[in-house]
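Sequences are here, hints too, so could you generate the full structure?
There are 2 protein chains.
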Amino acid sequence: MKNAILASTSTLHGQPYLSYLLPELQKLFKNCTEIIFIPFARPGGISHEEYTKIAGEAFKKINIKVKGLHEFDDKIKALKEAKGIFTGGGNTFLLVDKLHRFNLMMPLREQIIAGTPYLGTSAGTNIGGLTMQTTNDMPIIYPPSFKTLGIIPFNLNPHYLDPDIDSTHKGETRETRIKEFLTINTQPVIGLREGSWLEVKNEDIFLRGTLSARVFTVGKDAFELPTNSNLVHIL
Amino acid sequence: MKNAILASTSTLHGQPYLSYLLPELQKLFKNCTEIIFIPFARPGGISHEEYTKIAGEAFKKINIKVKGLHEFDDKIKALKEAKGIFTGGGNTFLLVDKLHRFNLMMPLREQIIAGTPYLGTSAGTNIGGLTMQTTNDMPIIYPPSFKTLGIIPFNLNPHYLDPDIDSTHKGETRETRIKEFLTINTQPVIGLREGSWLEVKNEDIFLRGTLSARVFTVGKDAFELPTNSNLVHIL
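Residue numbers (the numbering used here), protein chains in the order written: chain A, 1 to 235; chain B, 236 to 470.
No lab work stands behind these hints: they were computed from the structure. Hints are not guaranteed to be accurate.
[To be verified] In silico BS3-like cross-links for lysine-lysine, where the CA-CA straight-line distance does not exceed 30 Å:
#1 B:Lys414 with B:Lys315
#2 A:Lys220 with B:Lys288
#3 B:Lys414 with A:Lys179
#4 A:Lys98 with B:Lys455
Since the structure is predicted, the reported quantities are computational estimates derived from the model, not experimental observations.
Written out as structure tokens, the structure is:
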């Protein structure tokens, strides 16, 4: 019964927040007049209220109200009663830390598996995978676990960037980092470029957007997955 | 009694491993005929033996032998008896995981504080700070703790990269990530550009190399620290 969009990024260069996704969000949240926003990835600069307001302004364009999960004393009940859920981006370590410490990871997973429409962007997408271990973020806080929602049977790398072959910088490329992950972990990793998203519909997982995605698996060369592919057929 | 070099990178573009640092290493390890190499950051591709051999070939040019710590059954004893120690780069999560699980973090710290000459590059430099929380690496393994050697009273970001103002990519810049760290942590962070290193001499900490470093502290604008500055005077 899964019904989710896991997007690489909330925002494309030069466009307003979520604007490229609005036609999809209208379909995903078609029976919703109000959704719950999870603002916990944001590490400061703006408050949970301000971050929720930004999400609210985007969803106002498709006539959906947004309430921040931080507003509820009983957060598990709020998730259970939500008609739709959106987790925004920021720092994945902070988001995962908060979800585990508030005991929200499993309730959130259960709601998504039961069919509550879910949108993730960036860190909110990263947690859709089995673990957060292919995040690009800095470990600014020590979470109780790296395990995440596991609503898809692999890991994700949002904001995937191709190696810059002209670079003289000796830091690792994204590709090198993901290959390092695969030396001690077994789940595949999908590098989702900005503008791409996964559409999770029951057991199907379609790659959407105009770009291909980069797929990394143990013991095989990385390869390009064309857009509109169904990932259940290749993993 | 500290006597250490913490270098942003082992290798500069187009040069052999460690070659830009050899004149400094000759001074640092002037009383050593043999040093211990800690290869644990390397996540596969090459073995601990092969990685140690690479370090050995560089040190051969200054007539120093290199033995890998993985070769010793009693690793704590090996550290205690070492005339010099070098920790190479790779994945910081893996390095910190191994150092904690083998109970080597505190013995290594004690040796460095007692005056054993120490070289770190990249991940081996990152662990010189208070915590590994300003690493650029992917969390490919869940270490027992993010705490590190703390031989300097702040955190480091090796391979520091300035923001690319022409970029259309929406992932966070290095600067943004470090500022996120400072929203929930208090220690200063030094962004060490490639080709820069810290020379730790007793209580003094000099920035060396031709470049300035970027300094991030809570509640103040980031600023450039000129090369050859003594960091104890500014932090």
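Each hint, compared with the structure:
Of the supplied pair hints, the one linking lysine 414 of chain B and lysine 315 of chain B is violated, its CA atoms being roughly 38 Å apart against a limit of 30 Å. With a C-alpha separation of about 27 Å, the suggested pairing of lysine 220 of chain A with lysine 288 of chain B holds against the 30 Å cut-off. With a CA separation close to 28 Å, the supplied pair lysine 414 of chain B and lysine 179 of chain A stays within the 30 Å bound. Pair hint lysine 98 of chain A plus lysine 455 of chain B holds up; C-alpha atoms about 27 Å apart against a cutoff of 30 Å.
Consistency note: the structure conflicts with earlier hint 1 alone.
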